[in-house]
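Visitor: Spelled out from the first residue to the last, the chains are:
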Amino acid sequence: MDFEWDAETQRFREEVRRFLDLHLTPELEDQLYEEGLTHDEGFAAALGERNWIAGEWAREGFEALDGEAMQVLEEEFARTEAPYYAVSTSMMVAKVIRAVGSEWLNSEIVPKVVTGEVAIALGMSEPEAGSDVAAVQTRAREVEGGWVIDGQKMFTTNANICEFVFLLARTDPDSVRHRGLTTFLVPVASDGFEAQAVVTVSGERTNITYYSDLVLEDRWRISEVGAGWQSLMMALQDEHSAPFCAHLGRALDAAEQWGADPGPDGTAPIERADVRQRLVKVATDLEVARLLERRTSWMETVGEVPVAEGPMSKLFSTEAIVRGSEELTALVGPDALRSRSDPSAVHGGRIEHLLRFSLGTTIYAGTSEVQRNIIAQRRCGLPR
Amino acid sequence: MDFEWDAETQRFREEVRRFLDLHLTPELEDQLYEEGLTHDEGFAAALGERNWIAGEWAREGFEALDGEAMQVLEEEFARTEAPYYAVSTSMMVAKVIRAVGSEWLNSEIVPKVVTGEVAIALGMSEPEAGSDVAAVQTRAREVEGGWVIDGQKMFTTNANICEFVFLLARTDPDSVRHRGLTTFLVPVASDGFEAQAVVTVSGERTNITYYSDLVLEDRWRISEVGAGWQSLMMALQDEHSAPFCAHLGRALDAAEQWGADPGPDGTAPIERADVRQRLVKVATDLEVARLLERRTSWMETVGEVPVAEGPMSKLFSTEAIVRGSEELTALVGPDALRSRSDPSAVHGGRIEHLLRFSLGTTIYAGTSEVQRNIIAQRRCGLPR
Amino acid sequence: MDFALSDEQHELVSSFASLLGKASSPEQVRAAEPGGFDADLWRTLVETGVVTMGVAEQRGGWGASLLDLTLVAELVGRSAAPAPVVETQVAARLLAAVGSPVALDALGPVLAGEQLISLAVRPVHAAVAKLAPAGAVCDALVVLDGDALRLVPVSEANRTTVANLASAPLADVRLENGPVLVEGPVAARLFDAAIDEWLTLTAAAVVGTGLIALDLACAYAVERKAFGAPIGSFQAISHPLADDATNLDGARLLAQEAAWELDRAGDRGRELAAMAFAFASATAERTTYDALHTHGGYGFMLEYDVQLHWRRARGWPRVWGDTDAAHRRAADARYGGSRRGTAG
Amino acid sequence: MDFALSDEQHELVSSFASLLGKASSPEQVRAAEPGGFDADLWRTLVETGVVTMGVAEQRGGWGASLLDLTLVAELVGRSAAPAPVVETQVAARLLAAVGSPVALDALGPVLAGEQLISLAVRPVHAAVAKLAPAGAVCDALVVLDGDALRLVPVSEANRTTVANLASAPLADVRLENGPVLVEGPVAARLFDAAIDEWLTLTAAAVVGTGLIALDLACAYAVERKAFGAPIGSFQAISHPLADDATNLDGARLLAQEAAWELDRAGDRGRELAAMAFAFASATAERTTYDALHTHGGYGFMLEYDVQLHWRRARGWPRVWGDTDAAHRRAADARYGGSRRGTAG
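Protein chains in written order, with my numbering: chain A, 58 to 441; chain B, 58 to 441; chain C, 950 to 1293; chain D, 950 to 1293.
If you only want the chain A side, here are some residues facing chain C, beta carbon under 7 Å, derived: (1) G187; (2) S188; (3) D189; (4) F212; (5) V255; (6) A387; (7) L394; (8) R395; (9) S396; (10) S398; (11) D399; (12) G417; (13) E426.
Pair ranges (Cβ atoms, derived): (14) D/A1076 - B/G405: 23 to 33 Å; (15) C/D1216 - D/G984: 46 to 56 Å; (16) A/Q253 - D/G1286: 55 to 65 Å; (17) B/D318 - D/A1076: 17 to 27 Å.
These are computed hints drawn from the structure, not numbers from a lab. Heads up, the beta-carbon is just placed ideally off N, CA and C, and yes, glycines get one too.
Given only the sequences and the hints, what does the whole structure look like? Please build it.
Guide: Here it is in structure tokens:
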């Protein structure tokens, strides 16, 4: 066993940090927070220039990054809250297109995702289909040369600034559940498309997207007709190894800095036994979260499928974020109530923001309950 | 609102304490613990002499105790681990007999329960029917003048020292679930009865009881044929107001005494901020548990049925016992590992014993999961 | 032992429930964000006597018990009312308890509804009362400054409003000169007694916060279907809510017991008040989390009401401190002041 | 980054798994209660080299890494082996690390299987090493007595065996004269390094305890039916077990990381060892509780195996201290020694 990045990966991490120092300016950070954005075209273009969007794919002038480098890249982006989310959803879709999409989609869309010119939002959950994604009701009706789409998608984050939505729709009206679904790429410029802003507790904007008699040529179909579920599963596989723990690390850093600064009585809080102990408990959770996440990513690197391990790392990390942000807020005390946007906030309000941010983490990309169901079945061998 | 016992009840509590000082001798306590017993004939007889077995019923020379007095009585018995369990199960059955039993049972059995001459164990759960009591398989086959019983009951605590078992059996072989059940009083002296000892983690003995071609005259039938489930529910109603929190109080007392004694470095542990804080957290749970229990008992006193409140107090108290005994054991540290039976044990090993004792409390008399199901339905209005 | 409310208490509850139902609807609560103060609501409440009721009759009030006030506080919490009820009630009772001419002079305009006087629940450091409750909207603030209780005038000149998690009207208040109400050991003693009351009423308020969040979650869990069944039929959803319902009942009883004990000046008042605060705020935090989580992605949307309560369950109590701080206070009351140890 | 065991490590695991499967079955574990020591098992283990393997080659051992030893410790925990593997391994490594003639003289008979030497994991008070691990069966005990590491001979004359929750071979040992191994600051340093190892290996052992309890619970939950379905299909049963499975994986990785860091003498060894101990023991406590509770009334019967593990999950680690103590140790390592505060 080896619990350390190899020297090359460590050098790569330094390179990523230099990149972020350059491109993730305080001004950009503030702007992103104020507008609730998780995507920035300039930042995405800069990523594309280094081939850090599709790092795992070699292209002219760039070697492919290995699994360790990809993990480090994502950890650093998460740690710094870099505007990376639309880039990552775009890549999820690009991989599906590569695996099952047409030649035309592969030549038209994938290269633009790689360079950051095109971004793709995910349109999966619906008002009546959240954890139960298979309950999808959005319809795609086949017509001459294409499809007419009607329906509504919830939480289509970044649909307002992306060029496309990856859409899961029911193409067989008589089908139920996982069968009869198909995936499409919907240009947001289409007639009949509308994105309505939804603001979340963390301040991030997401969208409800509406599809009304939206006419789509067949070339925008990604999966085989009726094979949408399989292509969706392909897209979601990547979600398990998202480095959630880096968010907790960011808040712990802020709390440890708070602890090291002298308080009103002149002593640093961290010299108090109870403060040290509470911080270390969060640090322990963070250590475990990081190990579980890195194991998941390592398994993927060596070609193993983390059927239970992926859900374990997603579950543990996000629950640790919830526990940890509650604990750090309580520990820092009244001053932790000051909003991230308030000038008097403690260490930029990182902890206050994480507390609000934490709420989404145990919901999206599979709720904690869904993860526990999977672990119970695949790891514990318990019946459904 | 009034959160205090009235003066009469407080005087009564003193009387109960004097009784316990006299009758619950250290020798008896040791003997009960060593033999794993929760019943003692001499103690029961002394209770009977004061009409403290059927306190809520007046009889010649004794007025009925009111709800407050009954609650105080049970709290004191639980707090001191008095051998009261068989007395309480006997009274559960005596109440059922009074409500639905024959005249003969009422004149033959009930008076002897009241005086402590006769004790009755509960025979409800079975190898395949635990939380799901209605899955009962023990059969009572009607024959000329009576019944032939075949089956097996789990956790028939005190069956080895009681005179009778209150038995739930299926009298209609074609029935399922709650229907077709009948309750009986089975003399343990019957041919075909056998009690096999089962020792539990807490050191208490319980039994598996076997019924093999056991012939029972019809006069031992308690409920109408087929109305056993209703009579069982009647018996179980009392379980909700059992004063579990007194057990936690006993362990907290021991831990607070430990805290007040100087440690190896000469200072009392209770002067340490972390120790005080952890003790007070347990004391807070105890306070809440006591309030919930007393509310349940008060509701019964004023004639309200604690449909959700009973399960709430049982759930909270027993989960608080589990949390509290883990916490106090951890707090007292290595020395808390010394067994109750070891001469070097801390304060008689009360805390070590509670830790083991706690395990049963969240299981018997309705598991925590069953209580949560009930609360979810009756209080939160959630569907089954 | 009696767990029933009196007829008068039932009436009190129903009149405030009806008032707040009308004047502090979710729409009104949202409209008052982020400032956390609705002047119309406040006027209505003051006219109804929400501040006056808590003051002793011989001081010009109606002599309501602290137990009565817990009933009001719970409704304030339930409706997330953008009105500083708890801190103004406690400040008025404190002025009455001080009883000095200066204090009674200050109390007059409060009872007349002309002045809004609040209480800084934490001691002052470096001449600033940080995160003073209602500091953003009050005319004056009672503060413990060293060994003196002082009445500090508050205006735009000496307050800095603080945007905060709960959208509460908090401000950092720079201490201007202001009259001393009382000084010496009695000042600290009266301040501590006021804190006992504030902790108890805040406990009751966040019980209300928890109860409304639980109601929202249960209603959602009955309506919302997944995998062909209402989500409330899944134990992963229903069992946490059952625990929350249980804890809320316990928290309410404990807050009421603390108030009852303080009302009769019993030995355990301080201990029970701190315990009630600790237990109620922990319960409200957990319940509002579970309730928000029950809503899935919808709970995370500002548009759904449950987040209003999730934020208040944390922000309202924590201007004083967290559950650990409350446990330490309870321990000092139960075991005598600590002589060692750093945690205060 | 590499999460795979080497081929040699896989072999180590399979050979010890097979040995313990045969020689430490539940029946054998029960037969050794309450003393907690099976002399036959111990002889077999010693002959297999369980103590020798951990000692450096230049001291006559096989030079296994601490990471290797965590693999063995996990199996010891899994089988609830009535054999003091962890404390004797650590004591032998400590004697080798001391390296003084007295220490090496003592190490000889240990490697030859003639002496059982254990370690008192807590400092001595009033000339008594309380609750010394393997104190009831060892021939000698390494103790930190003031600023000296001493080797104390142990016999019936100076030990009092203590009946205990875990049925572990614990004793209070009165210190007889015994040779000083080393004294001065180096003694405390070496003792602390030994404690790091003991904490890491005990973490691994209780991960094994948790894993076997989880296996028993899952098997039961598949078999046992209630309300017409296997109880494992109820989320109230399955979700806690899913959390436990997750925590156990994390605890194992953390114990392994701590061992790896200590093996390479990295900066974070002490911190990670204490974290691993805290996290693993909390996880083992919770898992064994959930596992026992999953069994319903049967879990509460001595006859079912799950209680064996519930008792060890608490008793094995706690001879040193609880999770709070471990967090304090980790904090001292992470933030530097505390200068204030009472909690040690």
